[in-house]
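If you're matching them up, the sequences are chains A and B in order. When the letters of the first sequence are read in order and numbered with the numbering used here, they come out as residues 821 to 1288. When the letters of the second sequence are read in order and numbered with the numbering used here, they come out as residues 7 to 209.
FYI, nobody ran anything at the bench for these hints, they're computed from the structure. Every residue, glycine too, gets a C-beta built ideally from N, C-alpha and C. Careful: at least some of the hints might be erroneous.
Claimed, not checked - In silico lysine-lysine, DSS-like type, Cα no more than 25 Å apart, as pairs: (1) B:K72 to B:K9; (2) B:K131 to A:K1138; (3) A:K1184 to A:K1159; (4) A:K1242 to A:K1159; (5) A:K1187 to A:K1159; (6) A:K868 to B:K9.
As the list claims (entries may be wrong) - Negatives, chain A to chain B, calculated, CB over 12 Å: (7) G823; (8) A997; (9) S1027; (10) R1030; (11) G1062; (12) T1090; (13) H1098; (14) A1153; (15) G1157; (16) S1174; (17) R1186; (18) L1286.
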Amino acid sequence: MGGQTLFDKIWAQHVVADLGNDTALLHIDRHIMHDLGGPRGLADVLAKGYRVRNPELVFATPDHAVSSAPDRTEDTNPTGGKFLRDLRRYAAQTGVRLFDLGQEGQGIVHVVGPEMGISLPGATIVCGDSHTCTHGGLGALAFGIGSSELVHVLATQTLVQRKPRRMRVRFEGTPQAGVTPKDMILFLIGRIGAAAGTGFAVEYAGSAIRALPLEGRLTICNLSIELGAKMGMVAPDDTTFGYLHGRPFAPRDAMWERAVAFWRTLPSDTDASFDVEHEIDAAAIAPQITWGTSPQDVIAIGDRIPDPDKAADPDRRKAMAAALDYMGLLPGAAIEGTKVDWVFIGSCTNSRLSDLRAAAAVAKGRKVASGVNAWVVPGSEIVRRDAEREGLHEIFRAAGFQWRQPGCSMCVAANGEQVPPKARSVSTSNRNFVGRQGPLARTHLASPAMAVAAAVTGTIADVRKLGA
Amino acid sequence: MDKFTTLTSPAAVLLRQNIDTDIIVRIERLITLGRTELGPYCFEALRYREDGGDDPAFFLNDPACKGARILLAGRNFGCGSSREGAVWALMCVGIRCVIAPSFGDIFFNNCFQNGVLPVVLPADKIEALADVVRRDQQAHPVTVDLEHQAVRAADVAIDFEVDPGRREALLLGLDEIGVTLQREPDIAAFQARDRALRPWIYF
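Please construct the entire structure, taking both the sequences and the accompanying hints into account.
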């Protein structure tokens, strides 16, 4: 028998009962809840007469529906206020820990879990949000669930899951200057498609992944779901342990040493086999920008917008034509120079301190072009405080960006913060779907540095050409 | 959960690939509306024209698709957001079965939780079904027989695979939480074992 993958090891360690046919009842170590799914899930559990089985393993914070306005109160978005009060009430009633507005621990669930040390290597982590795959950057088995599954986890601390197949993607080599983890993962999705990962747990490996700081690995894993994979992961190593050590909910002292020794056994064995393997030359990747309405509709910044007539598959041709029509773009044109109305820097993909530092480095000494609305929304209260301690907020404000309060904001537009119809947005978020940032909004996904380049030029631009 | 045994109805055809759950239902509708009120907002970006009128080409506005409870769909249907509201919105417009070459993994699980059957068939088989259906939706209904794991329409008959546990749960209308709670001794035993192995997980 061959060796085991990282995924296989974590899966096997969490099987409560083998249900046959590759299906298992899995123990869930961490359940993170937000303000949309949380109150409803807790209400459902109580209404059905169940109890929250392990409230100490459940963590909640408002992110989706709260306003990101600089002077927000809980009722700046009234619907968000209602959800938050429900979340508070049910959390208190069931013993679930809540990180409230203004507290360390508040923020986008996928920023908060890692930074608080709630999310750990080797753990199973779920949340009623598809970007839960983000936490896989720590070497966890993390995935999004629906609201029925959420209630199942609250009531039983387990989930019935079918074992996915295993895919490994190796990024080898050194990326060029100006190329970020966001560009690496968008490039992969463009190369193999938005459905390539369906039914798989993806492990990202190779020298370019090993060289990435932990926050970059979180960005890579975040977009696994846009590849179709609900689980993405990176093997834990010293980078992981260095990031986690001393975080509020991470183990301490002797327990820390014991945990690290255990976590070192998790990486895939050298003779482990994967059902599918891909290799990407990281040095060949240029800064990426999406042109369509799926994350797979992506090109290098210097490329021309593709022509649907040149696509071989008739369904693909139709999808491309519909996407270009929605986006108001012409095939064959350069994407560089396309006029931009909005720039959004934030989301569970790219709102961590390293993202804001990269954005501020480009924004420093420059001005947002006239007619462009540019927002920076830090991912969490901790990110906000750390960024302000470094003066990043002053750099953004001086350049003409709005510096806002932590939450999901304009990535999902669930709090009323929307890109207007037909306005063009360059966004560091994860989805350029039809209507995602607001009805008829036109979203281009890019890295934080590329988003700032768009803001200061007023066009889709190559950050490498801005000069020092 | 409602049982699913055999379903015969006209089928609608929407073969566009990568239909995401955002386009099935916008998040703001899920915030303000109950799960049975989503019908008018299912596929709202596709079914209405910019002036707010119905787009007659979309299946929900097509009299030929009246009463359709089965949707023939493209690759990667239900990708993207985990929102279970996408399944509820489809249920609100009458859909109880989606047939596609592949599904978003989270959407796929959400379907089973609501008594909706997602059937995976190869794209060419779905094309064959669509060809039959398009000739006359009302005259050529599709039958999805979960017990015998078969899809039929006119002279086309295709077998499909489904996870045996999922199949049984749908046929019997089982409540998954109730079934799992019967395994409480297993869950308690797992935690006791695991607490010794990985104490840092349990605080």
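Structure-based check of all given hints:
Of the supplied pair hints, the one linking B:K72 and B:K9 holds, its CA atoms being roughly 23 Å apart against a limit of 25 Å. Taking the CA atoms of B:K131 and A:K1138, the gap is about 20 Å. The hint holds against a cut of 25 Å. For the suggested pair A:K1184 and A:K1159, the alpha carbons sit about 22 Å apart, so the restraint of at most 25 Å is met. Restraint check: the Cα-Cα separation between A:K1242 and A:K1159 comes to about 12 Å, which is no more than 25 Å; the hinted pair holds.
Taking the CA atoms of A:K1187 and A:K1159, the gap is about 16 Å. The hint holds against a cut of 25 Å. Under the criterion of a C-alpha separation no larger than 25 Å, the hint pairing A:K868 with B:K9 is consistent with the structure, at around 19 Å. Non-interface status of A:G823 relative to chain B is upheld: no Cβ of that chain comes within 12 Å, the nearest being about 20 Å off. No beta-carbon of chain B comes within 12 Å of the beta-carbon of A:A997; the shortest separation is about 32 Å.
For A:S1027, the non-interface assignment is confirmed: its Cβ lies about 29 Å from the closest Cβ of chain B, beyond the 12 Å cut-off. Listed as a non-interface residue, A:R1030 keeps its Cβ farther than 12 Å from every Cβ of chain B; the least gap is roughly 25 Å. At roughly 17 Å from the closest C-beta of chain B, the C-beta of A:G1062 stays outside 12 Å, upholding its exclusion from the interface. No beta-carbon of chain B is positioned within 12 Å of the beta-carbon of A:T1090; the least distance is around 24 Å.
Residue-level check passed: A:H1098 sits 18 Å from the nearest beta carbon of chain B, beyond 12 Å. Distance check for A:A1153 against chain B: the nearest CB is about 23 Å away, which clears 12 Å, and the non-interface claim stands. Every CB of chain B is more than 12 Å from the CB of A:G1157 (nearest about 27 Å), matching its label as outside the interface. A:S1174, annotated as away from the interface, keeps every beta carbon of chain B farther than 12 Å; the closest lies near 26 Å.
Annotated as non-interface, A:R1186 keeps its C-beta farther than 12 Å from every C-beta of chain B; the closest such distance is 33 Å. The Cβ of A:L1286 sits about 33 Å from the closest Cβ of chain B, beyond the 12 Å cut-off, so the non-interface label holds.
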